[in-house]
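S.K.: Sequence:
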Amino acid sequence: MRPAVYVLYTCALALLLTGLRELLFGFEENRCSMTYMFEQPEYRRIQLPRRVARQYPAYGLYLYGEGLYAQETRGLKLTGAPVLFLPGNAGSYKQARSLGSVALRKAENLDGGVHMNVFTIDFNEELVALYGGSLLRQTRFLHESIRVILRLYKNCLDPPSSVVLVGHSMGGVVARALFTLPRFNPRLVSLILTQASPHHAPVISLDPYILGGVFTPDKMDQTEEKGKLVRIKHEFYSSVRQHWAAGAEDLRNVTVLSVGGGYRDYQVRSGLTALSCSSDDRNKLSVVVTAVPRTWVSTDHLSIVWCKELVLATVRAFFDLIEPETQQFTEDVEKRISVLSYHFIHHPVQLPGDQPKTLVSFTGTAEVWSEVNTLRVFYSAPKEATVKYFLFALSSRRKAYTHFYCRSSNMEMSSWLFGCTQMNGLICVQAVDLSGRTELLPAYKVLTVKLDDLSTISHLVIDASNPSARQFIVECEWQREKSLTVPVPVPHVLSFGLTSSDVMIKTSGLLHTLQLQHFHQVYQAFRITVISHCKATKDRLPNIYRTKVPWFREDSFVTAGIPSVTEISGMLHMPRHDNTSSALLQLHTAPNCQYKVSLRTSFPKVLGQILRFCGPVLPVYVAVVLLLALRRQLCSVLLTGHTVGMREAVAKALQPHKLELPVLLLHLLLRQSWFQEGWSTLGLPTVDALPLTPIEDLSQHAAVPGQDWSHLVSLLLCVLGAAVAFWGTTVLSVSLRMMSFILAPLHRPSISRHCGTLQLSLQILLILSLIVLGGVTCGALSVTASFLLHLYRVLRLHMTERSLSHMLNLAPQKTSENGFSSSDGQSKLKECNGSSLLSESLLQDVRDDLQLHLSLSTLLTLPMMLSAPSLIYWSRNLRYSVHLHPDPWWPHMVPLLIASVLLINCNTLTLSLSKLMLALTSRLLLPLCVAMVTFSPLHLYRIFHFLTAALTLLATSCYL
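Counting along the sequence shown from 1, when you hit position 686 you're at 670 in the numbering used here, and nothing is skipped either side.
Bear in mind the hints are in silico, worked out from the structure with no lab data behind them.
Below, in silico cross-link-like pairs of lysine to aspartate or glutamate (EDC-like), each with a Cα-Cα straight-line distance of 16 Å or less: (1) K78 with E109; (2) K580 with D486; (3) K466 with D436; (4) K90 with D304.
Okay, the calculated beta carbon distance ranges per label pair: (5) Y(-10) with P879: 32 to 40 Å; (6) T940 with V718: 27 to 35 Å; (7) E318 with T483: 44 to 52 Å; (8) N563 with S442: 39 to 47 Å; (9) R300 with L165: 26 to 34 Å; (10) L8 with E661: 38 to 46 Å; (11) N14 with T432: 26 to 34 Å; (12) R907 with N14: 49 to 57 Å.
Glycine included, C-beta positions come from ideal geometry on N, C-alpha and C.
Take these sequences, add in the hints, and give me the full structure.
M.R.: This is the structure we're talking about:
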């Protein structure tokens, strides 16, 4: 191959590695504090009913305890408020220790015996994110566990009527799926808190049980309806999403809070944690942990469970939800929303449940009152206890200013800003409390009031009293909204950081807002640099830079000193496709300072964002490139009788125009109503598209205008997929060659191209055995066995090719010293097993077969990898059942098994003799690739079916 090919694929691999590095490591360090246990944790197994234990032998229910509490609850005489923790994908039930331990410590400091009982479920650490066959089973076991938990409280004076669920990862999805069960009572669960749970869509769909559309005849899936047995359809994600999006009446009283992990969580991106509910349902909240008050950190997929800052917020909210009279969780929906909003959304100074005072009266002499006539006030409280009030007249400011902004650090007063309604000279006699709009930021609390909303108020009052002699700082100023909001056009995503948008802020304001125009798509990523210069730094509050996204609670905060140079990553978790608003950058600054803000496109972060959102789609493009490489080999056999090398075929298989143009044409046609109607009438599957837009049903992307960027991203993914295929096949080829060296001493040397082949009777026996093996045990096991059989054929071809090369190198190629020609010496070299005369043509035939079977082995690697999660699940549950149920690959893998076994005997000679069928197969592979790009990005398991079709056609070409 030409050096340019290696340069191309090396550059493509460098792009992929750059994006992976940005995705896996291009974020802030883990600033979460570890949660420690104060005593030895204990997990007491709850005895389940015999029927439940027999039906779910791999699962278990436990009660968490420590020290004295664990001893007191040995008899399971419980009086606390029940909380049930649900682990996620491959998660352990012991992950509940952080929540349970902090809840126990919190209860020790409370009066009245208020406490929580933390339960946890053992789901046997199943890979439910990759194998969806157990999702319904986990949901049913959760239902049984809730009933068992509530029965433990039957002797209490005020027994609980519901359980609070805390679900991590897929555990949160299972918690919401509970409400789709036909016999589930929605009143058994009043609150669901999920952590890094992919509610919007699965991270990766490796089998049809995750997304849905599969029937299983299991008796467990049957329910009685009007005297008839009706089979339940396995539509896990689709049924859960549709059930909650419909906004059924029984869901109105269920409060759900979904918390995403931020950019550190590369396993479940935070955009997937958004809840798909009706817009008027205030009872469902979604937030990213970086925006949670008093947390403000990003967590990875595991640390979100033990992150002390988030665990404290969760425990505080739970205890605020417990009614002191009953010591159980409240049934008041409004109170639940208020408490969760307080701890997870905005955290005002007023505690949840406190009734705001309608009127406030002030006392004190005129000496403690100070009228402020300047545009800004700065006050540093002394160390001794004082009483101090600042008065701001509104009459002279209404025309010139629109807002009043105030911030304070370390101020203990819960109410600090008031609107005066009655004055007596320079003393406010009566006022209304305006502090309820206060918002807590990492370094101080801020409050902005709009003057148009204060028509009945004559003055604003700041209560700067210091009863505890604690120092604090108060800064306030009048603001004009237009002068403090600066529109900034962001650089183009393809500017590669060569251009920048710079803004110089020289005003003396405390708050500045930069409107980042046209920043609303997830493939955009910027490096924002803020440089601050101040003449004096004494008694100044730190800068706080806040990235605010109006359409999703994914705000992030950066605290910076004065002066400083600060870099901020500008990226989005959730896009906005209608272009009605853009992201904002709020700068809480120091007065009389200069700030320079520079925005540049960060190409590594752009690659990281593309992999974050579209990385799971990459196997589709790898499979497409491998199929196109096989097509090139078949065309070479058809024309010359010989095949090209596997790496050369893969290198030249990168033909994105042949893929993208038909897909683009189909997307354009689907925007026409008449074509959509015809498409639906024919019953064709919905077209998949890249997950770049915030649409409830991701499969509808193709019909939405404004998706031009998705085709450019698809082109990039095609290049990256080709790089993975090229270097992957190189690594596989080298590995197999090295393995053939190791296994060569165990085999007799052979110079036949038919080495490693099977007799017809043995082929039939193998096919029947693999089919029976897959039906009795696990379909993935048969797929793996067929792959290993084909791999053995490749190893034998490697050995034969090396033997032939070695023997031909030993044969003389010119007249020797005794006068004999090389042909005379070569004619004497015969293989003892009766194989044909050694020749260059035989070596070429073996090499052709080797390259063909290397391509086939590489293709068979993909079905094996797709079915690997179900194989792992089956092996881990082998002690409970020999048969995997439900099996996503049975009986779909039967054609693949037949084709893979038949292809073991295939060679270039048999293919070249089948001119008609080989020509048809080579022509059909391209439409199969186009169909794979069209229908597989959101349904990766369909790759299995497309590869089965391609290999079946090839096997037919070998025998017809």
